[in-house]
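Starting from the structure of chain A, add chain B where the hints point.
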Amino acid sequence: MNTTADPVAPAVHRHEDRGAALILAVAFVVMIGTIGAGLAALVTSSVNNRGTLERVRDRQYAADAAIEDAIVQVRAASTGGTDACQSVAGITRTPAINAVNIRVDWRSACGVIRSGEGLVLVQRDVIFAACVDTGVACTDSSVIIRAQVNFEQAASGAVTKTYVQSWSMNQ
Amino acid sequence: MHEQKDRGDTLIEIVLTVVITAISVTALVSGLATAGTAGQAQRNSVSTDTVMRNYAEATKAVARGCTDGAPFVVPFEAPGFTVATSPAGVRCPPPTATQQLELSVTGSTGVTQVMSIKIRTP
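Chains as they are written, first to last, in the numbering used here: chain A, 429 to 599; chain B, 40 to 161.
So here's chain A without its partners, still in its complex pose (with noise of 0.2 Å):
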């Protein structure tokens, strides 16, 4: 038995190989290219993340404006003194801030303390509730910002001081 090597083997062997080094050049290509696309998706994901935190942040600075506002003007229309436990509603729209229309909708709270005399002494409290402004009322899932506000009132009515009791962040 002839157990020498075909002279003819190289060369068929050296055929076999052609191209390799093209396909691994390509599968290379394919693998950095691969790489590039993920690093593209990570710019653009950090982009866009940037993007919604601003977004965000500008509205729920527009709805803690729009309640500073909705609270000047419960102030202004609290006269009575004789109404902290009247249910009493009302919306508030103020011009756009942040590039952001927001809606508050407000409805009083009746508070009740006992005074250091056993007197039990009644408190205007109002609770405001601020959403995107879409036309329809706030509900629980669109609130930004809810907050209740306590408004001290003298005896002629006239309130001279507020108190905010709460003010949550909801989204």
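Please keep in mind that the hints were generated in silico from the structure rather than gathered at the bench. Worth double-checking, as some hints may not be accurate.
Computed footprint of chain B on chain A, listed as stretches where at least three residues anywhere in the stretch have a Cβ under 8 Å from a Cβ of chain B [to be verified]:
#, region
1, 479 to 486
2, 585 to 599
Some chain B residues well away from chain A (every beta-carbon gap over 12 Å; in silico) [as the list claims (entries may be wrong)]:
#, residue
3, Ala117
4, Ala127
5, Ser147
The structure displayed is predicted, hence computed values, not measured ones. Just so it is clear, CB atoms sit at the ideal spot from N, CA and C, and this is done for glycine as well.
Same frame as chain A, but now just chain B:
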């Protein structure tokens, strides 16, 4: 004859491979550089956003202690950032009105963010 042809093909392949590899590596490196630049810009932007929020909260905190017509000064400093309020030199507003302020924060890289808030006298 056959071997000579193979040698020629291999050389072309290698040259082609080197060219493709060079282009790919260049693209990758520039892609990495772009991602790095974008990351840095993102960090600057987020830092400016954080300073803006802190500035806004500091401004509102001062407003909570306002009395009608009192000078309105916000003692706020952020190293590496320049903050400003417009209009300048405002006073605490009367209880019957709010005062709109435009806050601006500029980072050391020149990134500026602007936002409006409203303050009122309690």
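Here's how the hints hold up against the structure:
no. : hint       : result
1   : 479 to 486 : holds (count 4)
2   : 585 to 599 : holds (count 5)
3   : Ala117     : holds (16 Å)
4   : Ala127     : holds (19 Å)
5   : Ser147     : holds (18 Å)
Comparing the model with each earlier hint shows no violations; every hint is respected.
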